[in-house]
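*Asks:* If you're matching them up, the sequences are chains A and B in order. Under the numbering used here, the residues of the first sequence are numbered 1057 to 1478, in order. Under the numbering used here, the residues of the second sequence are numbered 1057 to 1478, in order.
Simulated from the structure, these hints should not be mistaken for laboratory data. The reader is advised that the hints may include incorrect statements.
Intra- or inter-copy, both count: the list cannot distinguish identical chains.
In the DSS-like style, the derived pairs of lysine-lysine whose C-alpha atoms are separated by at most 27 angstroms in a straight line are [what the hints assert, rightly or not]:
no.: 1; residue 1: 1471; residue 2: 1164
no.: 2; residue 1: 1471; residue 2: 1086
no.: 3; residue 1: 1164; residue 2: 1441
no.: 4; residue 1: 1441; residue 2: 1471
Note that the coordinates shown come from a computational prediction; the quantities given were computed from them, not determined experimentally.
There are 2 protein chains.
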Amino acid sequence: MQIINGGVTAPAGFKTAGVHANIKGKGGTKKDVALLVASAPCTAAGVYTLSEVKAAPVLLSQELTASGRLQAVVMNSGNANACTGQQGLQDAKTMTEVAGEALGLDPKLVGVASTGVIGVNLPMDRVIAGIKAAAAVVMAGPVAEVAATADDTATAAATTFGPDAAAEAIMTTDTFPKQVALRFDLNGTPITIGAMAKGSGMIHPNMGTMLGFVTTDAAIAPDALLAALRAATDLSYNMITVDGDTSTNDQVILLANGVAGNEPITLGTPAYETFTAALTEAMTILAKAIARDGEGATKLIEVQVKGAASEAAARAIAKTIVGSSLVKAAAFGADANWGRIIAAAGRAGVPINQFTVTITMGEILVLQDSTPVPFDEELALAYLKGDSILFTVDLKMGEAAATAWGCDLTYDYVKINGSYRT
Amino acid sequence: MQIINGGVTAPAGFKTAGVHANIKGKGGTKKDVALLVASAPCTAAGVYTLSEVKAAPVLLSQELTASGRLQAVVMNSGNANACTGQQGLQDAKTMTEVAGEALGLDPKLVGVASTGVIGVNLPMDRVIAGIKAAAAVVMAGPVAEVAATADDTATAAATTFGPDAAAEAIMTTDTFPKQVALRFDLNGTPITIGAMAKGSGMIHPNMGTMLGFVTTDAAIAPDALLAALRAATDLSYNMITVDGDTSTNDQVILLANGVAGNEPITLGTPAYETFTAALTEAMTILAKAIARDGEGATKLIEVQVKGAASEAAARAIAKTIVGSSLVKAAAFGADANWGRIIAAAGRAGVPINQFTVTITMGEILVLQDSTPVPFDEELALAYLKGDSILFTVDLKMGEAAATAWGCDLTYDYVKINGSYRT
Chain A
1057 MQIINGGVTA PAGFKTAGVH ANIKGKGGTK KDVALLVASA PCTAAGVYTL SEVKAAPVLL
1117 SQELTASGRL QAVVMNSGNA NACTGQQGLQ DAKTMTEVAG EALGLDPKLV GVASTGVIGV
1177 NLPMDRVIAG IKAAAAVVMA GPVAEVAATA DDTATAAATT FGPDAAAEAI MTTDTFPKQV
1237 ALRFDLNGTP ITIGAMAKGS GMIHPNMGTM LGFVTTDAAI APDALLAALR AATDLSYNMI
1297 TVDGDTSTND QVILLANGVA GNEPITLGTP AYETFTAALT EAMTILAKAI ARDGEGATKL
1357 IEVQVKGAAS EAAARAIAKT IVGSSLVKAA AFGADANWGR IIAAAGRAGV PINQFTVTIT
1417 MGEILVLQDS TPVPFDEELA LAYLKGDSIL FTVDLKMGEA AATAWGCDLT YDYVKINGSY
1477 RT
Chain B
1057 MQIINGGVTA PAGFKTAGVH ANIKGKGGTK KDVALLVASA PCTAAGVYTL SEVKAAPVLL
1117 SQELTASGRL QAVVMNSGNA NACTGQQGLQ DAKTMTEVAG EALGLDPKLV GVASTGVIGV
1177 NLPMDRVIAG IKAAAAVVMA GPVAEVAATA DDTATAAATT FGPDAAAEAI MTTDTFPKQV
1237 ALRFDLNGTP ITIGAMAKGS GMIHPNMGTM LGFVTTDAAI APDALLAALR AATDLSYNMI
1297 TVDGDTSTND QVILLANGVA GNEPITLGTP AYETFTAALT EAMTILAKAI ARDGEGATKL
1357 IEVQVKGAAS EAAARAIAKT IVGSSLVKAA AFGADANWGR IIAAAGRAGV PINQFTVTIT
1417 MGEILVLQDS TPVPFDEELA LAYLKGDSIL FTVDLKMGEA AATAWGCDLT YDYVKINGSY
1477 RT
């Protein structure tokens, strides 16, 4: 398996555009409307937030993806179109209709995703202008600058073709765009997977995820595509947390256009396993990027739980530890406080043997069979000051393992979220 | 029902002492060992942390309280005696033995509770000296100053008789002691309930609580006492959260000595309901004090959920909202971001109708039937800057309601927990 350039446009037959449409505040230049377009209808699968409060674009995409066919996705940041009532549902539909018309596609083949502030109706004149501008870029091929204008704004917007522009256009409090592509061999046919994602706050596992978009040139049966997406999501996006809060807008959409020409992948075959492993790899890279880019974060925290009685138990414990505010604050302070880790493990809702727990921080053993081990505090401090830290928890109850990712809790998290809306 | 002075010594027949035994760091003067002693054996009940990792004093108290009889409780702060192996279990037992001997009681009548840092064995010479000093105070009655000395410390410690001293001696990161007493009439007999508690961080509902001790002069059957304690805990300590982290050391012990002379209270009677209501009131006052004194907190947040389909649903939603890091950070920043509130409600794990939610902040309506209501931002800012704020969420699905309490997430929470151990 080989990591390559290109994000979601690495597989043949996919194009993207990202434009500035003034949704993220007037006068700025940040991109906030994007399109992902395939040259032909794709087999499509999606996973969505499990929140009881689902944003309008989630409800619509969920309905559209149920057909198993999509050719494009229209996206915006700066406004989540969540808790926006009937108008919000209509606005989401209008986004797909405008994109469909501009791209010459049936709107039923256009998925939709939004992210940003909750409870404010979309500025549809600007959104529509942005979609049209992005569609013009996609239809024309690579273009350096296109103006996206709306009646109430005079700002000409920088517009860019390609995966970077789209990955930037879905960012909110993200500090860097998140995309990856990788290529692997499937029975002699090279297959490519491209993926992009956004997410920084309101990130919590066991749900869909934040926004994620994946493309592949593999030929694959619809049920196999959905199964692969669900399996990969469980091991990647569902194993990260930033703050325990789950978004109303989480969705991941996977488009497969089949242009690689491989024998179509079906469930229960070695090819399915190979494809799912590659998909999991691509999505895990982005999941870790989201965790590292958690709001205010200074470091990535990885928690590996092993020796668990079941995989479900290992997952629950890993996610509880990495989501603990006390563990996260201790990580920020580079305090080797393993008591926070074992206390979090104890409240994960699954049985553990409190007398057989072994904990290491990087290579530093701090607890052996639940007995404190004297360790070099200077060494621990130096390790915990790094930008990537690993906690390993061995429960010695069985053979199951799981890995979860998160970030530290910092002054900047409080700052960002003390004034997110204002 | 009338609030009176005296904390746990307000009911007749209870004495307390709190001493400085140098457990909280040498050279300081903070009290860290306390005794609560009744003049005769009491009917006793306890509730304990549901964490899979239980501290030694929790395991021992749980065993002792199963008999339904206790006459004293020995407590320390500065060290949780958690994750301390066989030595920890022996140390907890020694604490009860030393207290029993000094007080002339069977050690099986002495409960034990600890709070503080995890994973460090107790400095038993200092603990023993502290218990002996506290016992001397209790045996002698009110005394102004008694020296608590241990072999390895020369610091004379200020010692105080009475409820303030004990409430202070169980504090960790608490900024004020927490106690209350109230008196009510039961069929012509005045009954008194006294209570004290500690807790500031590692506070999360649905478990026992942090340390809590309750006394009463009521005569009450053991099964009724335990039922009343469980019911009151569910509505008070189990409805607060500071950070979603559950302690290894949570316990609440309730002692009833019967000296009020009332006809013994039994289950299923109006007297039981009256007693439970009073107990709930006392424990709720302390629960709110713990929430207000959450680590780094600048304000108390109360969340009232009504119109829920069931009480369990109302409780889950109220606790999820008040525990949301995003809601807590927005409260700190006085940002009227109701989107955070409805998003948290959506992930509480119970069904809600996302189109019928009404939210008010104090008296300010911000969301009506899931439609945003324009409101005066200046007024909202002024309200949210207060030291007590109320969010009301009406789901319009049924008749059930619940209230939960918490606090804001601040820079100081991060600061306190970034360097708790070091």
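*Asks:* Please go over all the hints and tell whether each is borne out by the structure.
*Replies:* Results of checking the hints against the structure:
no.: 1; hint: 1471 x 1164; in the structure: neither (41 angstroms within a copy, 51 angstroms between copies)
no.: 2; hint: 1471 x 1086; in the structure: within (21 angstroms within a copy, 33 angstroms between copies)
no.: 3; hint: 1164 x 1441; in the structure: neither (50 angstroms within a copy, 47 angstroms between copies)
no.: 4; hint: 1441 x 1471; in the structure: both (21 angstroms within a copy, 16 angstroms between copies)
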